[in-house]
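Colleague: What follows is each chain in one-letter form.
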Amino acid sequence: GAVVSQHPSRVICKSGTSVKIECRSLDFQATTMFWYRQFPKQSLMLMATSNEGSKATYEQGVEKDKFLINHASLTLSTLTVTSAHPEDSSFYICSGLRSAGGEKLFFGSGTQLSVL
Amino acid sequence: DAKTTQPTSMDCAEGRAANLPCNHSTISGNEYVYWYRQIHSQGPQYIIHGLKNNETNEMASLIITEDRKSSTLILPHATLRDTAVYYCIVRVATGNQFYFGTGTSLTVIP
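Residue numbers (my numbering), protein chains in the order written: chain A, 1 to 116; chain B, 117 to 226.
In isolation and in its complexed conformation, chain A is listed as follows:
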């Protein structure tokens, strides 16, 4: 399968600071990337769809000014959690859509964010 690298894997930050999470597709070009968040014992919740070279599309209820997404190249998307608060603590997972051989989504290993 294709490889998606996500880092950092874990980050602890103080309330009010911003945190950037990087997501790279290592062996394929991802025109589209998706960002999810997951709370303990819950399913993945889609936050936004990131398309290379254009603005991200956010799901209903997700604040675009709080969760800044940049998809500047076909292999890199970043999620910045701005002015993080304890309620933003969650597991954030990125994914890249590979079109070759039928569209498949490949996921990064996730980032556990803890806001103190």
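Hints may contain errors.
[Stated by the list, open to error] Chain B is faced by these chain A residues, among others (derived, beta-carbon under 7 Å):
{"#": "1", "residue": "Phe39"}
{"#": "2", "residue": "Ser43"}
{"#": "3", "residue": "Leu44"}
{"#": "4", "residue": "Ile93"}
{"#": "5", "residue": "Glu103"}
{"#": "6", "residue": "Lys104"}
Calculated from the structure, these hints are not laboratory results. Computed from a predicted model, the values in this text were never measured in an experiment. Think of the CB as a built atom: it goes at the ideal place given N, C-alpha and C, for glycine as much as any other residue.
Place chain B on chain A using the hints.
Modeller: Here is chain B on its own, set in the frame of chain A:
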């Protein structure tokens, strides 16, 4: 929104086949069925997907009913490492999002 219904949890004996059902009674003609699994605290892993024909790869088999309203993921010889949450997703072939439902927590028992 997720368009699938799966049992919350299942157990399977190690070495036996694990059969995970999924109902998708409102599936459209151009929607594929995808299966992913998530081992604790990791990103989900792609398993298999199909439109209407049965599919098999090195990980699993996907059986889709003729009316396409349900499907079954088969892990032919379950191992302890197959313990995970399995998600069934329906999605139009190109350009649409992947929405995850609640999935089935599969426990493989020694």
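Colleague: Check each numbered hint against the structure and report the violated ones by number, ascending.
Modeller: 1
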